[in-house]
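For the protein sequence lines, the chains are U and R, in the order given.
According to my numbering, the first sequence is numbered sequentially starting from 1.
According to my numbering, the second sequence is numbered sequentially starting from 380.
Treat the hints as calculated values from the structure; they're not laboratory data.
None of the values given here were measured: they were computed from a predicted structure.
Incorrect hints may have been included.
Lysine-lysine pairs mimicking DSS-like chemistry, simulated, CA-CA at most 25 Å apart [claimed, not checked]:
1. R/Lys498 / U/Lys274
2. R/Lys546 / U/Lys274
3. U/Lys251 / U/Lys274
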Amino acid sequence: MSTMTTNQSNRPGVPTPPVRKRNSLAKGKLPKWAIWAIAAGAIIVGAAASTLTGFNVASFAIYSALIFLVAASVITTAAEGKRRGKNAMWTYLIYAAFIVAVIPLVSVLYTVLEKGMPGLNSHFLFSSMNGVTGAVDNESVANGTPVVGGAYHAVMGTLLITLWATLISVPVGMLTAVYLVEYGQGKALSKAITFFVDVMTGIPSIVAGLFAAAFFGMILGPNARMGIVAAVALSVLMIPTVVRSTEEMLKIVPNELREASFALGVRRWRTILKVVIPTAISGIASGVTLAIARVIGETAPILVTAGIASQINMNVFANWMSTLPTFIYYQILTPTSPTNIDPSVQRAWAAALLLIFMVMALNLIARLVASIFAPKKGR
Amino acid sequence: MAKRIDVNDLNVYYSKFLAVEGVSINIEPKSVTAFIGPSGCGKSTFLRTLNRMHEVIPGGRVEGQVLLDGDDLYGAGVDPVTVRSQIGMVFQRPNPFPTMSIKDNVLAGVKLNGQRISKSDADALVEKSLRGANLWNEVKDRLDKPGSGLSGGQQQRLCIARTIAVKPDVILMDEPCSALDPISTLAIEDLINELKNDYTVVIVTHNMQQAARVSDKTAFFNIAGTGKPGKLIEYNDTAAIFSNPEQKATEDYVSGRFG
Numbered sequence: 001m002s003t004m005t006t007n008q009s010n011r012p013g014v015p016t017p018p019v020r021k022r023n024s025l026a027k028g029k030l031p032k033w034a035i036w037a038i039a040a041g042a043i044i045v046g047a048a049a050s051t052l053t054g055f056n057v058a059s060f061a062i063y064s065a066l067i068f069l070v071a072a073s074v075i076t077t078a079a080e081g082k083r084r085g086k087n088a089m090w091t092y093l094i095y096a097a098f099i100v101a102v103i104p105l106v107s108v109l110y111t112v113l114e115k116g117m118p119g120l121n122s123h124f125l126f127s128s129m130n131g132v133t134g135a136v137d138n139e140s141v142a143n144g145t146p147v148v149g150g151a152y153h154a155v156m157g158t159l160l161i162t163l164w165a166t167l168i169s170v171p172v173g174m175l176t177a178v179y180l181v182e183y184g185q186g187k188a189l190s191k192a193i194t195f196f197v198d199v200m201t202g203i204p205s206i207v208a209g210l211f212a213a214a215f216f217g218m219i220l221g222p223n224a225r226m227g228i229v230a231a232v233a234l235s236v237l238m239i240p241t242v243v244r245s246t247e248e249m250l251k252i253v254p255n256e257l258r259e260a261s262f263a264l265g266v267r268r269w270r271t272i273l274k275v276v277i278p279t280a281i282s283g284i285a286s287g288v289t290l291a292i293a294r295v296i297g298e299t300a301p302i303l304v305t306a307g308i309a310s311q312i313n314m315n316v317f318a319n320w321m322s323t324l325p326t327f328i329y330y331q332i333l334t335p336t337s338p339t340n341i342d343p344s345v346q347r348a349w350a351a352a353l354l355l356i357f358m359v360m361a362l363n364l365i366a367r368l369v370a371s372i373f374a375p376k377k378g379r
Numbered sequence: 380m381a382k383r384i385d386v387n388d389l390n391v392y393y394s395k396f397l398a399v400e401g402v403s404i405n406i407e408p409k410s411v412t413a414f415i416g417p418s419g420c421g422k423s424t425f426l427r428t429l430n431r432m433h434e435v436i437p438g439g440r441v442e443g444q445v446l447l448d449g450d451d452l453y454g455a456g457v458d459p460v461t462v463r464s465q466i467g468m469v470f471q472r473p474n475p476f477p478t479m480s481i482k483d484n485v486l487a488g489v490k491l492n493g494q495r496i497s498k499s500d501a502d503a504l505v506e507k508s509l510r511g512a513n514l515w516n517e518v519k520d521r522l523d524k525p526g527s528g529l530s531g532g533q534q535q536r537l538c539i540a541r542t543i544a545v546k547p548d549v550i551l552m553d554e555p556c557s558a559l560d561p562i563s564t565l566a567i568e569d570l571i572n573e574l575k576n577d578y579t580v581v582i583v584t585h586n587m588q589q590a591a592r593v594s595d596k597t598a599f600f601n602i603a604g605t606g607k608p609g610k611l612i613e614y615n616d617t618a619a620i621f622s623n624p625e626q627k628a629t630e631d632y633v634s635g636r637f638g
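Modelling step: build the complete structure from the supplied sequences, incorporating the hints.
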């Protein structure tokens with residue numbers, strides 16, 4: 001601003017008009033404090049209205065919000081005109097919608113943190129439920145000693161089963177997407193694949209679990225329950241997600257890059273491998289990570305394919321396995337000690353918190369991976 | 380190096396649609412040939428048939444002959460990949476590979492094809508190609524930086540360096556300056572003049588002054604109306620096209636009285 005005034009005063013013969021004290025362009029605007037005054041008034045009236053019907057927090061919040069919404073739009077309309085009044089109404093409606101959407105999330109996080117934190121310790125993380133019986137739980141409740149038994153076996157089961165599901169889904173899903181985008185444009189086969197991928201997206205997870213259980217049951221006999229069967233079930237759920245996200249990422253790679261590569265005399269498969277996929281890899285990687293986050297919390301397909309275990313099993317090709325979701329399910333539904341359920345409940349909440357941490361870590365990794373692989377823009 | 384191109388009665392199709400009809404043209408080695416004409420007249424489409432890039436588009440096909448020093452590009456058993464490694468192409472929008480450094484962009488033709496190249500040979504090739512594209516002095520201190528960080532004009536010269544690094548016989552340019560400012564355009568035009576010493580250059584341009592400045596011969600393409608195929612109207616020395624065209628349509632176009 002200072003340069004402008006010096007410029008003006010430097011020009012001889014051009015008079016600079018004085019700056020008006022009250023800007024006429026800013027006429028008819030509510031002062032900044034007005035909206036806070038309306039909010040304060042709405043809260044007071046809301047509290048009063050809520051007291052009339054028997055005070056509680058929910059009705060207090062709802063009444064205040066409604067009163068604020070109406071008052072703010074009416075007052076703005078009166079002071080600033082119809083257009084700005086409508087603008088105010090929609091702005092505050094959208095804020096309200098945002099708050100409504102966030103409340104459950106905050107509430108879930110708060111509850112899980114509150115109930116899960118006491119049980120989340122190194123003993124819980126690094127020991128299994130092997131040998132932990134109802135008698136052990138009864139004893140720890142009676143003596144007031146810390147809860148014995150943990151979710152190490154379930155953590156390992158979750159990691160191994162998800163790892164195997166990823167190992168199966170990523171190559172299948174990525175190759176399918178490469179075919180759809182790079183080779184199959186307009187062909188009947190690619191239309192059929194797109195259709196079936198869409199259908200697969202809608203498969204209920206228990207059906208995927210039953211499919212895997214039945215499929216391996218047919219090959220290996222009726223009681224074929226092990227980690228790899230669960231991994232196959234999860235990959236049935238993962239593959240469509242991986243195909244879809246990879247397909248979208250490959251589609252947004254500019255065609256010019258493919259043409260540039262072709263024009264250098266590079267073959268199609270090398271172009272895909274060295275130009276198209278590296279350009280899209282950050283999106284593909286975050287898509288895969290989100291697909292993992294999606295299946296890591298599945299319960300039903302694990303129960304029917306890998307069963308339940310209380311001891312550590314690192315071999316996905318033999319014996320039953322537990323994952324965190326099935327661990328939670330089992331602890332809540334059939335507490336280890338039917339008479340003292342508190343230790344089981346505590347373990348379940350701790351496992352839930354751990355599961356949320358794992359999913360959050362995966363989401364963070366997805367962002368990190370995306371930013372690491374993203375094409376550099378440096379100068 | 381620098382081969383001649385002879386096209387005999389070429390028809391270019393998009394599926395059933397005839398886009399360019401009956402083009403016959405002889406392009407001399409070590410010359411610059413400019414294609415001019417209104418938008419949609421098929422000059423870019425025709426250019427892309429000269430290194431078989433046209434068939435990359437689904438449904439793209441041609442009838443007729445394109446001879447590179449007597450070898451038919453569309454003959455039986457000809458691998459389009461071989462054709463494209465001998466006839467390079469520079470596109471309208473600069474398109475360096477965003478995942479690669481400046482150096483890797485220049486070496487793209489070698490590295491993407493999986494050929495092994497020693498470090499000293501690679502460095503020599505990078506320097507030679509970048510010097511050939513008049514870009515060496517501007518980027519020699521930041522060869523490991525991404526190519527997308529360069530200015531538009533530099534990116535386009537990087538694309539030219541990338542093209543000449545595979546040692547083609549012919550370089551096709553599809554409106555190489557239309558996305559660039561006048562100074563970058565001048566740099567590219569100077570470069571085209573130098574490239575002429577070693578390569579056969581074919582350039583599509585909307586800028587008639589540019590055609591007049593850089594080319595030895597000019598071909599004028601036109602289209603009778605939408606949905607009709609584009610045709611080669613006149614092909615002659617650039618001076619003749621601009622000062623003394625034989626066809627009325629050419630005269631109208633170059634004098635700005637088109638349409």
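Review point. Hey, R/Lys498 versus U/Lys274, does the alpha-carbon distance stay inside 25 Å?
Key: 20 Å, holds
Check your understanding: Going straight from one Cα to the other, do U/Lys251 and U/Lys274 come out at no more than 25 Å?
Key -> 16 Å, holds
Check your understanding: Is R/Lys546 within 25 Å of U/Lys274, Cα to Cα?
Key -> Holds, at roughly 21 Å.
Comparing the model with each earlier hint shows no violations; every hint is respected.
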